[in-house]
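Student: These are the residues of each chain, in order.
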Amino acid sequence: MIGVEIIIGIGVLLVAIITIGYVVGMYNSLIRLKNNIEKAWANIDVLLKQRSDELPKLIASVKGYMKHEKGLLESITKARTAFLNATTMAAKAKADNVISGALKSLFAVAENYPNLKANENFIQLQQRISGLENEIADRREFYNDSVNTFNIRIESFPDTIIASMMKLARKEMFKATEAEKQDVKVEF
Amino acid sequence: MSDDGRILFYSAIGVGAGIYFFYNGFRLMSEKRLIENTPTSKVRSLAMGMVEVYGEAHPSKGKLFKSPFSGKDCVWCNWTVEEYRSSGKSSHWQKIRSGILSDYFFLKDDTGSVLVDPNKANIDVPIDFEAESGSFRGKLPATAVDFLNQQNVSTTGFLGLTKKLRVKESYIAPKDKVYIMGTAGDNPFVEDGSSQKNETDIMIQKGKSFYYISDKPEREVLKKYGWKVTGGLFGGAALIIVCLFVIFAYLRIL
Numbered sequence: 087m088i089g090v091e092i093i094i095g096i097g098v099l100l101v102a103i104i105t106i107g108y109v110v111g112m113y114n115s116l117i118r119l120k121n122n123i124e125k126a127w128a129n130i131d132v133l134l135k136q137r138s139d140e141l142p143k144l145i146a147s148v149k150g151y152m153k154h155e156k157g158l159l160e161s162i163t164k165a166r167t168a169f170l171n172a173t174t175m176a177a178k179a180k181a182d183n184v185i186s187g188a189l190k191s192l193f194a195v196a197e198n199y200p201n202l203k204a205n206e207n208f209i210q211l212q213q214r215i216s217g218l219e220n221e222i223a224d225r226r227e228f229y230n231d232s233v234n235t236f237n238i239r240i241e242s243f244p245d246t247i248i249a250s251m252m253k254l255a256r257k258e259m260f261k262a263t264e265a266e267k268q269d270v271k272v273e274f
Numbered sequence: 210m211s212d213d214g215r216i217l218f219y220s221a222i223g224v225g226a227g228i229y230f231f232y233n234g235f236r237l238m239s240e241k242r243l244i245e246n247t248p249t250s251k252v253r254s255l256a257m258g259m260v261e262v263y264g265e266a267h268p269s270k271g272k273l274f275k276s277p278f279s280g281k282d283c284v285w286c287n288w289t290v291e292e293y294r295s296s297g298k299s300s301h302w303q304k305i306r307s308g309i310l311s312d313y314f315f316l317k318d319d320t321g322s323v324l325v326d327p328n329k330a331n332i333d334v335p336i337d338f339e340a341e342s343g344s345f346r347g348k349l350p351a352t353a354v355d356f357l358n359q360q361n362v363s364t365t366g367f368l369g370l371t372k373k374l375r376v377k378e379s380y381i382a383p384k385d386k387v388y389i390m391g392t393a394g395d396n397p398f399v400e401d402g403s404s405q406k407n408e409t410d411i412m413i414q415k416g417k418s419f420y421y422i423s424d425k426p427e428r429e430v431l432k433k434y435g436w437k438v439t440g441g442l443f444g445g446a447a448l449i450i451v452c453l454f455v456i457f458a459y460l461r462i463l
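Respectively, the protein sequence lines represent chains A and B.
Positions 87 to 274 (our numbering) are the ones given, in order, by the first sequence.
Positions 210 to 463 (our numbering) are the ones given, in order, by the second sequence.
Worth double-checking, as some hints may not be accurate.
What the hints assert, rightly or not - Quick list of in silico lysine-lysine cross-link-like pairs, DSSO-like style, CA-CA up to 30 Å: (1) B:K417 with A:K125; (2) A:K125 with B:K348; (3) B:K433 with A:K125; (4) A:K164 with B:K406; (5) B:K317 with A:K135; (6) A:K253 with A:K203; (7) B:K437 with A:K120.
FYI, nobody ran anything at the bench for these hints, they're computed from the structure.
Please take these sequences and the hints and turn them into a complete structure.
Tutor: Below, the structure written as structure tokens:
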């Protein structure tokens with residue numbers, strides 16, 4: 087009967103290996119998800135910095151044409167300063183929302199200035215910044231997907247047991263403000 | 210080898226296979242989790258590192274192949290030729306030639322296109338074309354016969370009778386939807402920072418982690434992985450136990 091005991095023992099061992107393997111996999115997976123969010127944010131931050139670097143050039147190129155839009159240009163400069171001084175993700179996200187909104191207004195208002203629209207330097211900067219805006223939007227979506235996956239996992243059974251032992255908490259999504267969601271109104 | 214010896218031998222192989230399936234189940238489980246945990250990126254905003262993308266395959270310039278047997282346009286193709294062999298009572302299909310037609314191709318989504326190097330990828334594409342030849346099985350298509358002649362594979366056998374051959378091919382055709390989980394790295398064909406678009410500087414390739422290409426969407430890929438994981442872990446465990454049971458029974462340990 088020793089053989090039966092050995093087989094039962096091996097069966098129990100295999101089940102234990104599957105269980106331990108599953109738990110270890112779950113732990114590693116949660117760590118990976120947490121790191122994915124940090125990486126996704128870092129990937130947005132790189133683009134936000136690149137866009138921020140383009141803003142002084144943009145303002146310099148439009149300043150001569152948009153003498154009546156002083157307030158708009160100042161709001162972009164202020165938002166850029168706020169972004170550069172921001173140390174937390176929330177503060178950077180807030181400044182980003184302001185910059186994105188102001189840029190939309192700026193490009194919309196630029197339609198009123200035919201000479202500016204024909205300026206080669208402005209066209210290049212507009213294309214570059216619009217490209218960066220699109221990439222930021224994509225990466226923001228990617229970040230939110232990463233956060234959503236993480237939030238679902240840490241609240242689902244059985245992951246929630248491991249997540250609570252690891253003291254993992256819900257993460258906030260990168261939200262667009264209500265003002266940013268609205269279309270820009272331009273008066274001609 | 211006696212019958213008992215043969216059963217013991219196959220049972221020992223079964224234990225080995227069970228251990229392999231069991232181990233492979235864990236490997237597949239970690240790959241499945243990686244796929245589940247990685248959101249799909251847009252090509253336009255790809256970041257360096259592990260990425261998941263989904264879009265249409267398009268050939269890079271001058272890199273469109275013709276699949277060897279059906280003559281279809283493709284950006285990647287895997288082909289095999291098998292011959293039916295009989296010896297005594299047993300008979301089987303023996304692989305006599307195989308090959309891969311592969312080169313860089315582009316993956317295009319609604320935001321842009323990125324270069325893909327399929328080299329060293331685990332490409333999971335089902336058989337798209339299969340044909341057999343033989344006295345009662347008909348003939349292979351002319352495209353296939355031409356290709357086999359180039360490969361020095363004779364399609365006729367003894368007394369000029371048609372040989373029993375089977376040809377198979379799996380391919381990724383232009384505009385096929387392709388799912389890729391791989392590493393976004395530098396594009397060696399573009400100088401760093403010289404392009405206007407982010408994705409032009411990038412090429413998806415084999416990195417440190419696994420590299421997987423399929424012609425199925427993510428949901429189906431995960432479903433397939435789910436079956437493989439379950440089969441590997443529980444099937445492998447069951448195979449180990451059953452084979453051990455047989456070995457112990459023959460050794461009269463039970």
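Student: Could you check the structure against the hints above and give me the numbers of any it violates, in ascending order?
Tutor: Hint check: 2, 6 fail, others pass.
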